[in-house]
Amino acid sequence: MSVVIDAKDLDLTFQTNDGPVHALSNINLQVETGEFVSFIGPSGCGKTTLLRVIADLEKPTGGTISVNGVSPEQARLARAYGYVFQAAALYPWRTIGGNISLPLEVMGISKAERAELIRKNLELVNLTGFDKKFPWQLSGGMQQRASIARALSFDPDMLLMDEPFGALDEIVRDHLNEQLLKLWAQTKKTVVFVTHSIPEAVFLSTRIVVMSPRPGRIHEIIDCNLGDDRPLDIRETPEFLEIAQQVREGLRQGHSYDD
Amino acid sequence: MQQRRGISSFFFDRLLPVGTVVAFLLVLWYGFAMLLNAPFERDQAARANAEISTSQLIQNTLSQDRPVLPAPHQVADEIWKTTALKKITSKRSLVYHGWITISSTLLGFAMGTALGILLAVLIVHSRVLDKSLMPWIITSQTIPILAIAPMIIVVLNAVNISGLLPKALISAYLSFFPVAVGMVKGLRSPDLMHLDLMRTYNASRSQVFWKLRWPSAVPFLFTSMKVAVAISLVGAIVGELPTGAVAGLGARLLTGSYYGQTIQIWSALIAAAVVAAVLVTLVDLVSRIVMKRMGMVR
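Protein sequence lines correspond, in order, to chains R and C.
Under numbering that gives the first Met the number 0, the final residue of the first sequence carries the number 258; numbering is consecutive throughout.
Under numbering that gives the first Met the number 0, the final residue of the second sequence carries the number 297; numbering is consecutive throughout.
If we strip away everything but chain R, and leave its shape as in the complex, we get (with noise of 0.2 Å):
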């Protein structure tokens, strides 16, 4: 396993109207090829911030931070990672082929070359069949699919997730985060995952990076390995309800639950 990335006293300062905001303190954080790693807390804590500069759509303000072993934007340049935002994102003039096609596209891949990709990738979140169909006509869960199929057409290394399936009813989210497991057993790559669900987190996660707020600073992380078949009911085990106990009490001691 070789480390994809490795983050040292990281610190990130937004200067806004209202003066300056830490939205990050002091991260220290390495993640292995592999891995599927959770960061969980609530609103203010930096998850997102964090990811994003992983992503470099945001730059550390101090610290160093490397994601392949080079800088986030010499990573974000060699494509090094699909992004999945909260919403699906996805173009509405563009059909659902359209949309996966899109990345592809920018990268300068032949059209024949494209539609296997779409083709293969259609396949992986069980969408085959609805390429032709626009945003619109398809359902939440199905779209937010869709855009994760997109960050998968052209074969990065890594997934970061920013709370991909936080608009989704708990149905719709129980049926895609299983089909996420089976994508990772299948795909094998690196996934950062923001989330505020425990259940969520514990049922998904190798690892879980628990943040708390204001600076927005890592406070704990909990390994969490529930072996490799993970149906939903693993959920009523004790070895899960302890690991989300473990999550809970973590996020109270950074001060999650205060007014």
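Worth flagging that the hints you see were computed from the coordinates, not collected in a lab.
Quantities reported herein were computed from a predicted structural model and do not represent experimental measurements.
Even glycine gets a Cβ: it sits at the ideal position worked out from N, Cα and C.
Treat the hints with care, as some may be off.
What the hints assert, rightly or not - Here are the in silico distance ranges between beta carbons for each label pair: (1) Arg198(C) <-> Gly226(R): 32 to 40 Å; (2) Ala113(C) <-> Ser1(R): 53 to 61 Å; (3) Ser139(C) <-> Asn27(R): 55 to 63 Å; (4) Asn27(R) <-> Trp135(C): 50 to 58 Å; (5) Ser205(C) <-> Gln85(R): 26 to 34 Å.
Guided by the hints, dock chain C onto chain R, whose structure is given.
What follows is chain C alone, placed relative to chain R:
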């Protein structure tokens, strides 16, 4: 409410409300025609030392040769005579004049739209141009077009440019504005997530433009084009006033007012309104087709 279908739905949802308004306007129009044309009839009667009955008075007010306000049927009759009953090559055909106005409207609209889009693209991509161009674009529209139109015509005539182009330039001068403003807004309309997505793909500026900004701006473009085509028509008509009133709907308005031909003025006005409605409807139709193709209409 119960869903109505077919002809019945067309009647109740479209024809009835529109028809009611039209009927109301016609009644109002007739009322004002009687009211405004009555003093002349009373004068005539007084001069001839004759009594005039109310019914005779009303009848007279609706059939004057040069009424203050012509009655709707007089205007309709004039329009019929100058469209259907005249050859379209005749100088007295409203179709002939209408076509001249429409052709300079369309040329000016095309130029204005192209200029508006170009300006918007420059403004969105350059902070310097945003700061320096925008105030001038807004100032350009505060100058009354009636003041600037004759100057454009005269100046261009001096360099031997006459006919369609000067009028089209006035149309373009008016119509570039809504397109520029609308497109600046449209090209800036993609939300942050869509822009971030392009950034994660390391997309170039031109890729961001063609794959994201331009398609996002299309609905804005059509909305502005609807406004632009209507004011292009106004520009063309205004441009026809100082040309010596040779041809076009503007010329019909001007000759009408020279000779006190109010019926001619009103028929030209109605013709202009019909042309405007048709042009706006056409732009709307194209907009619907394009939006449907882009999957933006459900």
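When you take the CB atoms of Ala113(C) and Ser1(R), is the distance between them in 53 to 61 Å? This hint holds: roughly 55 Å between Cβ atoms.
Is 50 to 58 Å a correct range for the gap between the Cβ atoms of Asn27(R) and Trp135(C)? holds, 54 Å
Between the beta carbons of Arg198(C) and Gly226(R), is the distance compatible with 32 to 40 Å? holds, 37 Å
Indicate whether the distance between the beta carbons of Ser205(C) and Gln85(R) respects the range 26 to 34 Å. holds, 28 Å
Starting from the hint 55 to 63 Å, judge whether the C-beta atoms of Ser139(C) and Asn27(R) obey it. holds, 58 Å
Hint compliance for this structure: every hint is met.
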